[in-house]
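Trainee: Residue numbers (this note's numbering), protein chains in the order written: chain A, 1009 to 1313; chain B, -13 to 316; chain C, 20 to 293.
Hints listed in this document are in silico derivations from the structure and should not be mistaken for laboratory results.
A portion of the hints provided could be inaccurate.
Keeping only pairs whose Cα atoms sit at most 30 Å apart, straight-line, the calculated DSS-like set for lysine-lysine is [claimed, not checked]:
1) A:LYS1213 with A:LYS1228
2) A:LYS1228 with B:LYS192
3) B:LYS192 with A:LYS1213
4) B:LYS119 with A:LYS1228
5) B:LYS73 with A:LYS1213
6) B:LYS189 with A:LYS1213
7) B:LYS119 with A:LYS1213
8) A:LYS1228 with A:LYS1010
From a predicted model like this one, the values you see are computed outputs, not experimental measurements.
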Amino acid sequence: MKRYIVRRLLQGLVLLCMVATIVFFLGRLTGNPVDLMLPEDATAEDRASMIKTLGLDGPLHEQFFLFVGHALQGDLGMSIRMRQPATEAFFSRLPNTLAIIPWALVLAMGVGIPLGVVAARNRGGLIDRAAGTIAVLGIAMPSFWLGILLIFVFSIELGWLPSGRMGGPAHYVLPVITLSAFLVAGFMRLVRSAMLEVMDSEFAKLARIKGLSETIVIWKHCLRNALIPVLTLWGVFVGNLITGAIITETVFAWPGIGRLTYEAVIFRDFPLLQAIIILKSVLILGINLLVDILYAYVDPRIRLT
Amino acid sequence: MTGGEMTGDVILEVRDLHTHFFLRRGVVKAVDGVSFSVRRGEVLGLVGESGCGKSVTALSVMRLLPQGGARIVQGQVLLNGENLLDKTPREMREIRGSGISMILQDPQTSLNPVFTIGEQLREAIFRRTRGRKSEIMREAAAALCRVEIAAPEQRLGQFPHEMSGGMKQRVVGAIAMSGRPEMLIADEPTTALDVTIQLQYLKLLKRLQQETGMAILFITHDFGVVARMCDRVAVMYAGRIVECGPVRAVFDHPSHPYTQALIASVPKMTGTTERLATIEGQPPSLMDLPAGCRFAARCPHAEQRCHDTYPHAFAVGAEHTADCWRLAAA
Amino acid sequence: MKRVPWIPICIIATMVIMALFAPLLAPYSPIDQTLPDKLLPPVWVEGGRQEYIFGTDAFGRDILSRLIFGARVSLIIALLALTAGGGIGLVIGIVAGYVGGVVDTILMRLVDAAFTFPAILFALLLAVTMGQGLGTLVIAIGLLLWASFARIIRGEVLALKQRDFVALARVRGCSAPRIMLTHILPNVLNTFVVLVTLNIGVVIIAEASLSFLGAGVPPPTPTWGLMISDGRGRIADAWWISLIPGIAITLLVLSVNLFGDWLRDRLDPRLRQL
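Take these sequences, add in the hints, and give me the full structure.
Mentor: Set out below in structure tokens:
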């Protein structure tokens, strides 16, 4: 088990290095990286000092080492627009995003998984087709449009819910729904196909031979096995949520790292964007590692490898 | 076809069972008029090649056919005189486990990989005896002991993948018998096991059967196993039973050409053997069955009437019958 | 799903026709501003006018015309991105699957990385470093696709490699590139086509999302994503600016997905896992 974790950790680190390298090169691609890093009103001195900091007057590999060196110390550059270290900006907004992501995940699973089980039991019937339609819709609607639509209906026309910004529980409702919409479809389809495979398996038969009720057979024996493929994709799903948050937070003016990303793009704040990408990568890789550990716990067969 | 007059206490009687699979391409008549009986305490073997309908018969009796497409279209399944086909799902659930139980073929897939052995046994035991957890676990350990698993307490906490195939199949046996069923269906329980383990398992089953007095419907494709385990045997071909009788009688006087061919194809350990005998041809497609005897296409003695009409059962000896026109003259 | 999905096909056909014949079909120019006619609602709402069926936006631009031209932009981008991303994925999949060994391992690690890491972020980074534009957008969206294409095609190739005609070709002395081109490629085309159709929806939404975030084709070129973004601030009094393009996107993606599912079932049901 330990070897498994260490292996995953190393793989994650390798990925991180790849990301950092790509980000580094993209920054140097345009031929004038200094302009990317500085605001428009930078003085000649600012430019000179930036060139020194980045080592732009030296060879490329030295620049890379400087880059990595700074990164390991927690220095990922200065946000142009916000005039504060990029890492500071990121971590100050991170809790706000972490506040809605778990809810979106819970909602997506809470709706998607049971829907998938019911659809599988009801194969070909009305419920199955209805669930399928919901799934297809969830994927077809662009999430930013869904958000706007929800705002239009629930905020403006009906006046029930606020249209944005962080606040009390009411402020959470629409952003969480928007964020989870895409994922519901994913969970539902996955669970449905996994369940269809498992429901006629030999061990399901054995469970029925024991005389267990069909409800127990389905919800205990089958679902537990059907959740294993779901778990392998959990990391991907959470990654999707973190990127989906970019759009959702923008639509709802939610002050999290998603919105921060949007602002960085709009204002061409390269250092900030660069930092966001690297830090988000770390976040996503960390979550994937946790998911892998959880997966080993749920599927006992993995523990041996 | 009932194998003659049945004396003694009959626990399971299957009458004219028809199970069909309704596929898009057509209807597969997997079981097409099967009748047999099992007496208390006896072991009836059901022999035939793959695809002849043995497993489907077993699943039909247990009413565990796969969902979607498979249906029992005709017939009766009488357990202790009560027709199982009339039971509600809830009633069937009660019967499964305590009245009639089943051992599945492949131990690799019949145990749920995410639950411990103990948990899977607990579920089976809990249905009968609602006791405290510690009592149930003791029972579980005892159940494992009965199937000759050493250090049962340790095994309870293990997962299926930590066990060998032979051990898993014993666990499956323990689960199947935990309800003290009167009737057990064993669907090729040793086919997926190593040859060296097979014998051990068969001996275990035989011993348990003698101890508990339960009846067994033993499904297999291996005549050697039949010789070892069974009191009576029914030979199945293309969805029907073609010969049925006491094991000794069928071995000594196989009367249906198919049975004769099967017995001839078992390699003999004594005497000289020049070639392994095989049966030419293929069984007919279960979607497109001929009107006459289904073995006629491959039978060396086939006559015109064999192709035209399906033969009745003809008596060959005491409780020994075979469905073959050639016996009509006798 | 045996029935031919006529409605989705009609919708797709309509959009394609719109895109191809945009200048002929659109009643107005999509970028000309007519300020006196700004913020008019669609014709079925009070205050709407027949000249502007779907109303106008804050600059007096006709929504319908922008919608029609937007279809053209979206479809061109989709086509380019699918060709680029799908093409690269195809090549990598074939090479990785056929050559195997170290090459395969490295390429698949790259694919894993691409899967773990959300490509939208890279797309945004590209937009900032290389500037907004058609090229950047196509590259960025192509990045989203190549990994899934590569993985699936590689799977197909692995299976194909075992087949006799490949062994025969090798025996005859065909070089590896030749085998890949003349034997492997034609046999994975089926799968490739299905993948393309299944991914059109993804590409369209990706383009719309990137445009919405300000990383797509720069204004005044109308794209549906940009239209939705424009209308956001005015959702209270001019809902049609945002909502109508969104309906168009949803309908198109829905149709494409349903069509893609049907096509997959007919051509290669093994891909059902997707």
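Trainee: Now tell me, hint by hint, if it's right for this structure.
Mentor: Results of checking the hints against the structure:
For the hint linking LYS1213 (chain A) to LYS1228 (chain A), the alpha-carbon distance of about 13 Å falls within 30 Å, and the restraint holds. Annotation: proposed proximity of LYS1228 (chain A) to LYS192 (chain B) is violated, straight-line Cα distance about 34 Å (limit 30 Å). Restraint check: the Cα-Cα separation between LYS192 (chain B) and LYS1213 (chain A) comes to about 24 Å, which is no more than 30 Å; the hinted pair holds. Between the alpha carbons of LYS119 (chain B) and LYS1228 (chain A) the distance comes to roughly 19 Å, so the proposed pair stays at or under 30 Å and holds.
A distance of roughly 19 Å separates the Cα atoms of LYS73 (chain B) and LYS1213 (chain A); the hinted pair therefore holds under the 30 Å criterion. This hinted pair checks out: LYS189 (chain B) and LYS1213 (chain A) have alpha carbons roughly 25 Å apart, not beyond 30 Å. Straight-line distance between C-alpha atoms of LYS119 (chain B) and LYS1213 (chain A) comes to about 25 Å, which keeps the hinted pair within the 30 Å bound. Pair hint LYS1228 (chain A) plus LYS1010 (chain A) holds up; C-alpha atoms about 29 Å apart against a cutoff of 30 Å.
When held up to the earlier numbered hints, the structure conflicts with hint 2 and nothing else.
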